[in-house]
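Asker: Take the sequence shown: its position 17, counting from 1, is numbered 17 in the working numbering, and each next residue is one higher.
Among the hints, a few may not be true.
No farther apart than 20 Å at their CA atoms in a straight line, the calculated lysine to any residue pairs in the SDA-like style are these [to be verified]:
no.	residue 1	residue 2
1	K95	V25
2	K97	P34
3	K95	A59
4	K95	T72
5	K95	S50
6	K97	R13
7	K97	I56
8	K95	R13
9	K97	M68
10	K95	R43
11	K95	M68
12	K95	G36
13	K97	A59
14	K97	S31
15	K97	W12
16	K97	T72
17	K97	F78
18	K97	A10
19	K97	V63
20	K97	G44
21	K97	R74
Now the in silico label distances, taken between C-beta atoms and shown as ranges [what the hints assert, rightly or not]:
no.	residue 1	residue 2	range
22	E14	G79	30 to 40 Å
23	S2	P73	28 to 38 Å
24	V25	D4	12 to 22 Å
25	A15	A69	16 to 26 Å
26	A59	P34	18 to 28 Å
27	R74	W28	12 to 22 Å
Hints in this document: simulated from the structure, not taken from any laboratory. Note that beta-carbon positions come from the ideal geometry of N, C-alpha and C, so glycine has one too.
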Amino acid sequence: MSEDILRTAAAWREAGEEVALATVVETWGSSPRPAGSVFAVTRGGRMAGSVSGGCIEGAVAEVAREVMAEGTPRLLDFGISDEQAWEVGLACGGKLKVFVERLA
């Protein structure tokens, strides 16, 4: 699946769009997507793939737009402790790190 997303991102780039790639580089505990999962975002708002879902994906898309504008890659760290997870009705917490870079 990641290969399809990379092909899509490359096609967008070849068509002249600015593209950023976000890749899950590390997970711990409960995580919706494994390490290696990829999410592509264009400056115009097109998206393909997934790194997590929900509010994390929105935050990653926002940072992706900043990375495209600035050109500086970023490593993002998201997580919820086991205690916090239990308070909101989840069985366990989890963490993930996402690397966001502009596709040249």
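Asker: Are the hints correct? Go through all of them and say.
Answerer: Outcome of the hint check:
1. Between K95 and V25, the direct Cα distance comes to roughly 11 Å. Compliance with the 20 Å bound is thereby established for this hinted pair.
2. About 11 Å separates the Cα atoms of K97 and P34, which keeps this hinted pair within 20 Å; it holds.
3. With a C-alpha separation of about 15 Å, the suggested pairing of K95 with A59 holds against the 20 Å cut-off.
4. Among the hinted pairs, K95 with T72 is inconsistent with the structure: their alpha-carbon atoms are about 23 Å apart, more than 20 Å.
5. For the proposed pair K95 and S50, the alpha carbon gap of about 16 Å is at most 20 Å, so the pair holds.
6. Pair hint K97 plus R13 does not hold up; C-alpha atoms about 25 Å apart against a cutoff of 20 Å.
7. Restraint check for K97 and I56: the C-alpha separation of about 11 Å stays at or below 20 Å, so the hint holds.
8. Note on K95 and R13: the hinted pairing is violated, with a Cα-Cα distance of about 31 Å set against a maximum of 20 Å.
9. Proposed proximity of K97 and M68 is supported: the alpha carbons are some 19 Å apart, at most 20 Å.
10. For the suggested pair K95 and R43, the alpha carbons sit about 27 Å apart, so the restraint of at most 20 Å is broken.
11. Between K95 and M68 the CA atoms are separated by roughly 25 Å; this puts the pair beyond 20 Å, and the hint is violated.
12. Proximity of K95 to G36 is assessed by CA-CA distance (about 14 Å); at most 20 Å being required, the pair is judged to hold.
13. Pair hint K97 plus A59 holds up; C-alpha atoms about 13 Å apart against a cutoff of 20 Å.
14. Among the hinted pairs, K97 with S31 is consistent with the structure: their alpha-carbon atoms are about 10 Å apart, no more than 20 Å.
15. A hinted pair counts as satisfied when its Cα atoms are at most 20 Å apart, and K97 with W12 does not qualify at roughly 25 Å.
16. The hinted pair formed by K97 and T72 meets the criterion: a straight-line CA distance of about 17 Å does not exceed 20 Å.
17. For the suggested pair K97 and F78, the alpha carbons sit about 6 Å apart, so the restraint of at most 20 Å is met.
18. Among the hinted pairs, K97 with A10 is inconsistent with the structure: their alpha-carbon atoms are about 23 Å apart, more than 20 Å.
19. Restraint check for K97 and V63: satisfied, since their Cα atoms lie roughly 13 Å apart, inside the 20 Å limit.
20. With a C-alpha separation of about 25 Å, the suggested pair K97 and G44 falls outside the 20 Å cut-off, and the hint is violated.
21. Simply put, K97 and R74 have alpha-carbon atoms about 10 Å apart, close enough for the 20 Å limit, and the pair holds.
22. Distance hint check: the CB atoms of E14 and G79 are about 36 Å apart, consistent with the given range 30 to 40 Å.
23. As the Cβ distance of S2 to P73 is approximately 18 Å, the hint placing it in 28 to 38 Å is violated.
24. At about 20 Å, the beta-carbon gap between V25 and D4 stays in the expected band of 12 to 22 Å.
25. At about 19 Å, the CB distance of A15 to A69 agrees with the hint of 16 to 26 Å.
26. The beta-carbon spacing between A59 and P34, approximately 19 Å, falls within the hinted interval of 18 to 28 Å.
27. Against the hinted window of 12 to 22 Å, the Cβ-Cβ separation of R74 and W28 comes to about 19 Å, which satisfies the hint.
In summary, the structure is inconsistent with hints 4, 6, 8, 10, 11, 15, 18, 20, 23 from the numbered list given earlier, while agreeing with the others.
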